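Chain order of the listed sequences is A and B.
1 is the number of the first residue of the first sequence in our numbering; add one for each residue after it.
1 is the number of the first residue of the second sequence in our numbering; add one for each residue after it.
Hints in this document: simulated from the structure, not taken from any laboratory.
Owing to the predicted nature of the structure, the values given are computational and were not obtained by experimental measurement.
Check before you lean on any hint, since a few could be wrong.
[Unchecked claim] Below 20 Å or equal to it, Euclidean Cα-Cα: the simulated SDA-like pairs (lysine to any residue) are: (1) B:K60 to B:D82; (2) B:K155 to A:N2; (3) B:K155 to A:E4.
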Amino acid sequence: MNCEARQEQLERVAFDGGIAALGDEEREHLEACADCSSQFALLQQLNGEARDAQPIALSPQLRASVQERATRALRASHSSQIFRWETAAPLAVALLAVPIAIGQGWLWTHGLSYLLEPWLPTSVLTGLTIFYAASAALTLGGLYGSLPFAIAYANRNRLEAR
Amino acid sequence: MCSDEELMAAVANGDEAALAALIDRYAAGVHAYLVRHSGNRDDADDLLQETWMRVARSAKGFDTARRFRSWIYGIATNLARDLFRRRMTKQRALRTLAMNPPAKPGADSADRGELRERVANLPENMRAVLLLRYYEGMNEAEMADALEIPRGTVKSRLHAALRELRGGYGVSN
């Protein structure tokens, strides 16, 4: 058995019972091998350090706070109510805003096309229209795409803060 | 007395008393682990609360074939790791701004023993393995479950951690 394998074994031995758990063969090896002996001393010190470590007290306030917040989180995870008026109202407004946004987009593109037609070639106007429509669509898409996440976040915060 | 896993099954059904019983069993131990892992009691307090909130939120998805103890220590370790990474990023940004020399992690704890100091200064993944092994008394299988890594990786990390500790450390025979 090489020293690396021996040290792995020593780690288990030291963890399970310290020096008392050493067999004769292991003792002999430790006496002969400075590297393994040093490793075993470290393992024993680690065990001693862990055993004698000062207990870290959990204050009653922290214990109570943990329980309170965890209980809230548990209640929140069991709540089946997804839609409430706080979230339904912005959703309704957002839904109504779609035709307004589309109407406004249509008005802008047609209005500007009408005004700029005499000065700009059709290809430039088409390009401008596509650019405007694409950026407006991306903005609106991003906005509406983020709504479910915002609602979920608001719901979780509300339920956990209860 | 109910096992941890039975209590967790009850928590999954919304049983608040079962959650309280688990908190009674594990809050102090997980807190001590987080204090040692993060090296800061205030951080550990926050992490403990976050850990239990995650337990409560994820109760429905808990696999009762898994051991609860490994699972909760795994959650705590992941949260402590996230905090450690955020802290490192912040420190790097501050160092870049102020051109300060890098501060050694845990250097503020002058009263710690040398060994504790060296454990605190280990890389995060090695420190987690060492703390779970020696302070929490976990075996390789439990550590592998908690850290969600293969047993071979647990062994190699433990070996590397011990090698790191020995480097420059004056062990008296």
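Give me the numbers of the hints this structure contradicts, sorted from smallest to largest.
Checked against the structure, the only hint that fails is number 1, while the rest are satisfied.
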